[in-house]
Amino acid sequence: MPGFRRAAVVVLACIAPLAACKRQPERGADPIEKVTHERGLVSVAELPPCLDRPEPGPGWTSADVGPFSLRLPRGYRKVQVQGIDSFMGEYRAPGRALHFDYGPYSSTLQEWRSAGAGFRSCRMEIGGHLAKIVTARSEKEGYLAGVTWRELENGDEAGALHLTMIATTADVAGQREALAVFRSVRFKKMEWPSP
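Numbering (this note's numbering), first residue to last: 1 to 195.
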């Protein structure tokens, strides 16, 4: 009987963090569940990225990117990139890269379903807007983390404007760090940035 009690305690300990989850089916054709959770979990490897809620660490700096701001760990440097039909930017640190695309044609991250192993997806509110967060692993690019906000504002004749961020890292710690960067995004009054 003591062995049964020990097994029951282990099962309850594993299920307890998920008890605070509220799941709602998404609207539209995307069958991904919306997941909100009140507590952070230790591992991002096997759970939807919304269940793990890392926060920016001490010493992180703020970056004003125009229509939004975000916080980055020390060591990230801005890299100049040029978009054709959208506002793009990139930040790099050793073993890590963060790219963003703000415009009418930014990725929905649907292509990640076949990109590699460990695909996880969920939705949560970040910066006052619903965001889709995706994590995966790829033999070529390592650990991936992405977030996209759809229809943030109406653009010109091209249609609504969206923001997508993609992070590539060498390890799961970098993937978790990217999730904290995503959660730090705050939107300003939406204006198309000047070139």
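Misleading hints may appear alongside valid ones.
Below 25 Å or equal to it, Euclidean Cα-Cα: the simulated DMTMM-like pairs (lysine to aspartate or glutamate) are [as the list claims (entries may be wrong)]:
| id | residue 1 | residue 2 |
| --- | --- | --- |
| 1 | LYS188 | GLU111 |
| 2 | LYS188 | ASP171 |
| 3 | LYS140 | ASP64 |
| 4 | LYS140 | GLU125 |
| 5 | LYS78 | ASP171 |
| 6 | LYS188 | ASP85 |
| 7 | LYS188 | ASP64 |
| 8 | LYS188 | GLU139 |
| 9 | LYS140 | GLU111 |
| 10 | LYS188 | GLU55 |
Bear in mind the hints are in silico, worked out from the structure with no lab data behind them. Values in this document were obtained by computation on a predicted structure and should not be read as measured data.
Task: Violating hint indices (sorted, rising) - done: Violated hints (numbers, rising): 1, 2, 3, 4, 8; every other hint is consistent with the structure.
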